[in-house]
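**Student:** Under our numbering, the first residue of the sequence shown carries the number 2, and numbering increases by one thereafter.
I should point out that these hints are in silico values taken from the structure, not numbers from a laboratory.
For every residue, glycine included, the Cβ atom is placed at its ideal position computed from N, Cα and C.
Check the hints yourself; a few may be wrong.
Between beta-carbon pairs, the in silico distance windows are [to be verified]:
#1 G16 - M191: 20 to 26 Å
#2 D41 - E273: 35 to 41 Å
#3 V53 - V213: 32 to 38 Å
#4 W24 - I278: 20 to 26 Å
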Amino acid sequence: MEVIKSAGILAPYRGVKPPAPTWFDRALAQVPERSSFDVDGVEIELLTWGQVGKPGLLFLHGDSAHADWWAFIAPFFAEEWRCAAISWSGMGSSGRRATYTFGEWASEAIAAIDAAQLDEDGKGVMIVAHSLGGYPALIAGERIERVRGIVALDSAIIPKALMADVPRPVPRPHRVYTSPEEALARFRFMPPTVGDQHYAIDHIARTGMTQVEGGWQWRFDPEIWRDIETRSGDLLSDLPRKARCPLALIVGEASELIRDEIATYMRGIYPEGTPFIGIPEAGHHIMADQPLALVAALRSCFAYWPERKAQ
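Model the full assembly from the supplied sequences, consistent with the hints where possible.
**Tutor:** Shown next, in the form of structure tokens:
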């Protein structure tokens, strides 16, 4: 997510919530329990849905995002799963660190398993990870056997030769907006959204801001990318084969990040037989572009995922 100076897709609404379908309102009505847990001295924001003791499902967001990106997705699974979503350190309402690494974020994901009581049945935890969230998810899948499987959502691993064509995050100070309405009017995704689900975009933006002295600003540390390396395949290409669990990859068929040549590269670095599932009319931000199609795709993945015996 990136906020830029020109008016965004929500500007015409002038701060009013766009009309939303009934399913969306019903999903948000399933209010999560909000708490936090400590990882190396930093408080990590935690949202949970569903009953403890059911199979565990952990949702991990992407760059400059927050746990509430999943607030209209996770409720679709809460009847059958114990669901949780976290905000990475440096994002959402989680604390900030002096520096950020994929390894530290992986530690946060692993700690969330116990904090949210996701593995009470002893059968391991499924992880759904969007974009940047896919990298620490794969690291977690290498470190521990409690990860039953990982479904990565448009989580691009890009070879160095193609990196010149990929937008690079640029650290810059937050702008302080005079009102929530002004912030909403300036909100945009990077890369741009291809969908017209304005109600979902509004929710993501509205829950992504916080009040500060002098106004409102976005809830992430603008210095995140000062230290984090890029999505270069030279750094990340070994992660899929190191994970000790089955994997699946869901991509937006209109994604600017996973173009044909990158998809071909990724098929070569993921284990043979890994499902690659395309969501039509979805860009990089699949949950915002095609939320119900994403729910259906995830349900299909889970229905055929190999069972694991209790440890």
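**Student:** If a hint holds in the structure, say so; if it doesn't, say that too.
**Tutor:** Verification of the hints:
The hint said 20 to 26 Å for the Cβ distance between G16 and M191, and at roughly 22 Å that hint holds. Roughly 36 Å separates the CB atoms of D41 and E273, a value that falls within the hinted 35 to 41 Å. For the pair V53 and V213, the beta carbons lie near 35 Å from each other, so the given range of 32 to 38 Å is met. Taking the beta carbon of each, W24 and I278 are about 21 Å apart, inside 20 to 26 Å as hinted.
Hint violations for this structure: none, all hints satisfied.
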